[in-house]
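There are 2 protein chains.
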Amino acid sequence: MSDAPLTPADCLTASAIAADVMAGTRSALEVAEACLAITAAREPEVQAFEYLDPALVRAQARAVDAAPKGPLAGVTVAVKDVIATKDMPTGQNSPRYAGCQTGVDAACVDTLRQAGAIMLGKAVTTEFAATNRGGKTRNPLDPRRTPGGSSSGSAAAVAAGMASIGLGTQTGGSTIRPASFNGIWGWKPTWNTISREGLKLYSLTCDTLGLYARDVADFDLLADVFDLDDAPRPDTLRGLRIGLCRTPVWDRTEPSMRDAMEQAAMILRAEGAEVITLDLPEIFNGLKDAHSVILGREGRTAFLNEVRNTPGIHDEFVALAENRRQITPAEARAAYGLADACRAALDDVMRGVDVIMTPSACGEAPMGLELTGDASMNSLWTVLQVPVVSAPGLLGPAGMPLGISFVTRRYTDRTALAVAGMAGEAFSRPLAAVA
Amino acid sequence: MSDAPLTPADCLTASAIAADVMAGTRSALEVAEACLAITAAREPEVQAFEYLDPALVRAQARAVDAAPKGPLAGVTVAVKDVIATKDMPTGQNSPRYAGCQTGVDAACVDTLRQAGAIMLGKAVTTEFAATNRGGKTRNPLDPRRTPGGSSSGSAAAVAAGMASIGLGTQTGGSTIRPASFNGIWGWKPTWNTISREGLKLYSLTCDTLGLYARDVADFDLLADVFDLDDAPRPDTLRGLRIGLCRTPVWDRTEPSMRDAMEQAAMILRAEGAEVITLDLPEIFNGLKDAHSVILGREGRTAFLNEVRNTPGIHDEFVALAENRRQITPAEARAAYGLADACRAALDDVMRGVDVIMTPSACGEAPMGLELTGDASMNSLWTVLQVPVVSAPGLLGPAGMPLGISFVTRRYTDRTALAVAGMAGEAFSRPLAAVA
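Protein sequence lines correspond, in order, to chains B and X.
The letter at position 362 of the first sequence is residue 362 when you use my numbering, and the numbering goes up by one with no holes.
The letter at position 52 of the second sequence is residue 52 when you use my numbering, and the numbering goes up by one with no holes.
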């Protein structure tokens with residue numbers, strides 16, 4: 001081990017690890033040992049992992065140390081357990097898949113490994129990443145509270161400092177909501193800019209790989225590895241036009257989030273940004289329902305084989321496969337049509353602003369582990385297929401984090417990352433500085 | 001073995017097998033032995049399979065015979081080798097995946113097995129089902145000609161009588177074109193009404209599971225097993241309004257297909273149908289390019305990990321991953337927008353007709369095995385995500401088959417199946433009857 005101690009608070013970001021391992025000042029094995037030590041200390045309380053084999057982690061680290069260094073050399077990754085891994089089981093929190101070996105890596109894992117990343121373990125998910133029924137994972141900031149879901153374990157593992165990067169998925173609000181609840185960075189890239197191959201399927205239209213980190217700079221590194229499109233990266237908040245979007249589901253927010261949005265607007269104005277109210281056109285009023293119809297129509301297809309082959313499967317999957325809501329072809333076509341129209345309309349709306357600012361969750365992480373919270377703030381942006389970056393830094397009355405989402409047009413993830421990065425930095429400064 | 005000999009021409013349809021096995025007049029093992037015998041006779045010339053283990057086929061058949069009978073009991077299925085199977089390797093015609101064991105079945109295979117079907121073997125595909133470079137498979141009707149692709153082996157196996165059902169995929173014209181070239185029934189269901197989980201990913205927007213059979217009634221059986229939406233099923237051609245659609249790519253058709261379309265119209269009119277010319281609105285003129293841009297944008301995502309991890313991979317995949325066409329975000333958004341608009345426009349167009357009739361291929365199967373033919377006639381309907389059923393029955397000047405496609409609105413596959421079924425029956429009657 002080198003002299004510099006590894007702690008969650010400082011050097012365990014992906015950027016720091018990769019720089020050190022590349023420079024030879026730290027080995028991947030040292031990083032792995034540090035992550036394993038933190039995990040050993042925190043995991044009994046947090047319960048982020050479904051599967052973690054220290055010997056396998058060390059073997060991966062040794063292989064990284066023996067190979068030419070990639071841009072993510074030594075970076076540890078918590079992999080949501082609906083994402084296939086060739087050397088660890090992929091259980092999907094379903095009795096049918098307990099211990100299931102897929103033989104191949106998901107495309108995203110394949111790409112991360114090629115860049116030198118180390119898969120730390122399989123992180124807890126709700127069943128098939130498709131329910132609000134909580135898993136065993138506790139919020140590292142307050143173990144009485146949910147970490148959110150369905151990417152519960154990945155978010156908690158990153159928040160607790162066990163892994164530098166978390167892989168999640170989002171179909172409703174499964175990446176961005178846990179980012180908010182755990183006080184970390186969350187990124188839902190533009191739909192289908194990172195391959196979904198090897199992720200459990202629920203909705204082809206909405207499912208998106210999601211990412212967690214404790215430093216927004218880590219996302220820049222990932223954007224390079226995954227070859228995201230180039231886009232303008234503003235280097236100052238001054239003069240930026242930021243559209244504060246309350247969305248048609250604003251009534252679902254709690255006072256804590258309304259206060260946080262006001263506070264965020266005040267801070268960004270103090271930084272010289274122009275924060276304007278952005279009202280979505282009327283057509284967006286139907287989008288939450290369209291998202292729900294699309295999930296119903298696509299979930300019917302996705303879970304047919306699971307329902308036929310899993311005796312005792314939870315009734316919510318049976319209801320999907322049986323189309324118990326009786327979604328008609330006409331309703332499905334109309335829902336797709338509305339989502340398509342809103343995507344085009346958003347492109348128009350966004351011509352007036354550089355970025356949209358909107359809540360990452362309804363409020364602070366709720367008490368209890370039974371349910372993972374409300375995805376209302378996220379599902380619109382998911383079905384719109386736009387990039388969303390959730391910035392931490394603000395706190396609610398219970399002392400729990402409140403994330404603010406930054407949204408841009410499809411394929412301009414790098415713009416959202418740049419603006420969210422500067423905003424998050426401003427949010428994290430002592431309040432007195434802006435009061 | 002029962003006294004009735006099994007031959008491709010009569011009793012090896014899925015419907016006949018399932019009825020016999022259900023009634024107890026034939027065992028699944030007898031069916032399997034018959035299919036293996038036909039395969040042994042035909043495979044040396046046709047080369048439809050990448051992997052076929054007779055012992056595994058017999059073991060599946062014995063298990064089917066020992067279990068309660070499902071609706072597909074004993075039905076043999078050729079599985080395209082980009083579709084995951086838990087008990088056979090999934091090689092994708094890629095050196096990287098030679099012998100690869102996925103551990104889990106694709107969702108469609110899972111559902112078929114649950115209904116009693118037997119997976120006969122893994123059928124030849126072009127690499128990743130994403131190229132026009134031919135595989136080893138020969139057209140069973142003329143071994144000098146391509147069977148089409150990328151679902152080459154599945155189509156040839158069904159045409160040669162080795163399997164009753166073939167599983168293919170379609171991203172451009174990979175299911176419907178081979179159906180035409182091999183003189184069998186082909187069905188590309190409405191996008192995402194049968195799960196794509198476990199199929200190699202190229203384009204989320206276009207990839208669709210495709211199906212082959214030698215009797216359209218087999219598709220009705222499959223529609224039930226996969227729980228496709230109900231839709232009107234006309235029981236006579238008389239009075240049906242059929243829109244003859246030449247599409248904006250009509251100039252790619254050969255004289256043989258133009259003649260076949262005229263002949264088809266004449267036959268259907270003789271049956272009492274009203275065949276009218278259907279011109280697509282001007283907006284459809286850009287759809288072929290939009291399909292190409294969408295494949296470029298989505299292929300870039302899909303093949304990134306393969307390119308990074310497969311030394312010597314064919315340059316066409318490198319070109320995709322590198323976005324060598326330099327498709328911009330604005331072009332991608334515009335292509336999606338145009339495809340969305342055409343989907344909505346087609347719903348309007350189709351209010352005037354019961355079904356669209358259009359070519360399944362440019363002409364007869366070309367000579368040679370290097371290339372699998374031209375997908376121009378299919379890609380429009382693929383990106384429109386509508387159901388397409390290709391009916392055999394007509395022949396070209398070289399004596400090779402020419403398929404006619406029947407297209408309806410999304411989720412009305414059963415209408416397309418019913419109309420195509422009656423049309424195919426009419427096409428197959430001696431010409432003198434209508435001349």
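For the record, the hints were derived by calculation from the structure and aren't laboratory data.
Careful: at least some of the hints might be erroneous.
Said to hold, decoys possible - Okay, derived cross-link-like pairs now, SDA-like style, lysine to any residue, Cα gap no bigger than 20 Å in a straight line:
#1 B/K86 with X/D87
#2 X/K288 with X/D229
#3 X/K136 with X/L371
#4 X/K86 with B/R96
#5 B/K86 with X/V307
#6 X/K86 with B/Q101
#7 B/K86 with X/P329
#8 B/K86 with X/P89
As the list claims (entries may be wrong) - These stretches of chain X come out as covered by chain B in the derived footprint (C-beta under 8 Å, 3 or more residues):
#9 102-114
#10 194-204
#11 226-238
#12 410-416
Fair warning: this is a prediction, and the values are worked out from it, not measured in the lab.
Quick reminder that beta carbons are idealized off the backbone N, C-alpha and C, glycines included.
Checked hints:
1. B/K86 with X/D87: 16 Å, holds
2. X/K288 with X/D229: Given pair X/K288, X/D229 is violated - Cα atoms ~28 Å apart, limit 20 Å.
3. X/K136 with X/L371: Distance ~11 Å between X/K136 and X/L371 Cα, so the pair holds.
4. X/K86 with B/R96: Roughly 14 Å between the alpha carbons, so the hint for X/K86 and B/R96 holds.
5. B/K86 with X/V307: 18 Å, holds
6. X/K86 with B/Q101: Since the Cα atoms of X/K86 and B/Q101 sit roughly 10 Å apart, the hinted pair holds (cutoff 20 Å).
7. B/K86 with X/P329: Status violated; Cα separation ~33 Å.
8. B/K86 with X/P89: 15 Å, holds
9. 102-114: holds (count 8)
10. 194-204: holds (count 7)
11. 226-238: As far as the region 226-238 of chain X goes, the hint holds, because 4 residues have Cβ atoms under 8 Å from chain B.
12. 410-416: holds (count 3)
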